[in-house]
Amino acid sequence: MDRIYHCANDRISIQFGGIISTVIFFLWTNFGVVLTTSMYPKTIEGLGQSYINGLPFITNQLAGNLIIVPALFVFTYALININFKLKFDKVKNILIKPKF
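Take the sequence shown: its position 84, counting from 1, is numbered 84 in full-length UniProt numbering, and each next residue is one higher.
No wet-lab data here; the hints were simulated from the structure. No residue lacks a Cβ here, since even glycine has one placed at the ideal position from N, Cα and C. Each hint should be verified, as a subset may be incorrect.
Label pairs and their computed distance ranges (CB to CB) [claimed, not checked]: (1) 41 with 12: 36 to 44 Å; (2) 73 with 42: 35 to 43 Å; (3) 21 with 80: 37 to 45 Å; (4) 43 with 82: 50 to 58 Å; (5) 19 with 42: 28 to 36 Å; (6) 37 with 13: 32 to 40 Å.
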């Protein structure tokens, strides 16, 4: 039961990490657009306008995170379990050799 709790906690923290990284990326790149281009005035109002104009993009990124992050978690978990099973089968075959 304890293992299930830790696994669920890992999934939640990984999903949270994906969401936080998307938000940080959104804030950082829009800030960079205001600083390095002439699309927006280099003021607080310009920064706010760039964040407002970027909202449709962050919603798509967050929706994508809801799909891709759990999929990568399951894929990685499956790879680890398959690798462990293959190694265990090799060890079992070495230790328990059939006698002819």
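Verification of the supplied hints:
Checked against the hint of 36 to 44 Å, the C-beta distance between residue 41 and residue 12 comes to roughly 40 Å, which is consistent with it. The given range of 35 to 43 Å is respected by residue 73 and residue 42, whose C-beta atoms sit roughly 40 Å from each other. Checked against the hint of 37 to 45 Å, the C-beta distance between residue 21 and residue 80 comes to roughly 22 Å, which is inconsistent with it. Taking the beta carbon of each, residue 43 and residue 82 are about 55 Å apart, inside 50 to 58 Å as hinted.
Between residue 19 and residue 42 the beta carbon distance is about 29 Å. The supplied range of 28 to 36 Å therefore holds. The hinted range of 32 to 40 Å is satisfied by residue 37 and residue 13, whose Cβ atoms lie roughly 36 Å apart.
The earlier numbered hint that this structure contradicts is number 3, and it is the only one.
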